[in-house]
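Engineer: The lines below spell out each chain.
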Amino acid sequence: GQQVMQIPQYQHVQEGEDFTTYCNSSTTLSNIQWYKQRPGGHPVFLIQLVKSGEVKKQKRLTFQFGEAKKNSSLHITATQTTDVGTYFCAGFGGSNYKLTFGKGTLLTVNP
Amino acid sequence: EAGVVQSPRYKIIEKKQPVAFWCNPISGHNTLYWYLQNLGQGPELLIRYENEEAVDDSQLPKDRFSAERLKGVDSTLKIQPAELGDSAVYLCASSLSHNTGELFFGEGSRLTVL
Chain A
1 GQQVMQIPQY QHVQEGEDFT TYCNSSTTLS NIQWYKQRPG GHPVFLIQLV KSGEVKKQKR
61 LTFQFGEAKK NSSLHITATQ TTDVGTYFCA GFGGSNYKLT FGKGTLLTVN P
Chain B
112 EAGVVQSPRY KIIEKKQPVA FWCNPISGHN TLYWYLQNLG QGPELLIRYE NEEAVDDSQL
172 PKDRFSAERL KGVDSTLKIQ PAELGDSAVY LCASSLSHNT GELFFGEGSR LTVL
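Just so you know, the protein sequences line up as chains A and B, in that order.
Under our numbering, think of the first position of the first sequence as 1, with each following residue one higher.
Under our numbering, think of the first position of the second sequence as 112, with each following residue one higher.
Mixed in with the good hints, there may be bad ones.
Claimed, not checked - With a straight-line cut-off of 27 Å between C-alpha atoms, the simulated BS3-like cross-links for lysine-lysine are:
#1 Lys-103/A to Lys-122/B
#2 Lys-126/B to Lys-182/B
#3 Lys-98/A to Lys-182/B
#4 Lys-98/A to Lys-189/B
#5 Lys-98/A to Lys-173/B
#6 Lys-103/A to Lys-189/B
#7 Lys-122/B to Lys-36/A
These aren't lab readings, by the way, just hints derived from the structure by calculation.
Here the structure is a predicted model, which means the values were calculated and not measured.
When you get a sec, could you build the whole thing from the sequences and use the hints?
Structural biologist: Structure representation (structure tokens):
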């Protein structure tokens, strides 16, 4: 079945440093979504990418969808303590058209 | 507008006991999902409903888990009997439809089986 892999599993940065998490799918995706889960909270939708090579920005967050629609990345510029949490990618595709979540990247920020 | 509502937030039971979780999705959302989330892992789909029909229950352990969505609105997820390995957070989510993207998650129900 479809697998979605995310790296790194953990990332600790100093406030102000940049952060990137990468997502790779075993199959071509129809679209990819990104969610953020604060410690003790529930996943909250950030964005959806649909087109090959698509790049979207939300303030300090930049999301990219690969040309082959099998990989994606989330980049945060100048991290802040409010960015702390786990970032999940979720790929939509496969023969059964299922949304599959990666294991997430836990970001911690040292003030 | 109210979000996805789940109850209970926390449940502690002994193994072999039954447990049930309830979810009320966002009004008008046809698609409802139950996800399982273990510590340090991403959500894993248990079952997806389109209105009252379970259209994807391939990952639901049917020997002990059951779910229903009567009238296509609220849903319940039941485990009977619970095992130690069932300790996890059970997340309910809803969306306008399966193809429209954004999932709205509830706060989750944290189950501890002793």
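Engineer: Taking each numbered hint in turn, which are not upheld by the structure, reported in ascending numerical order?
Structural biologist: 2
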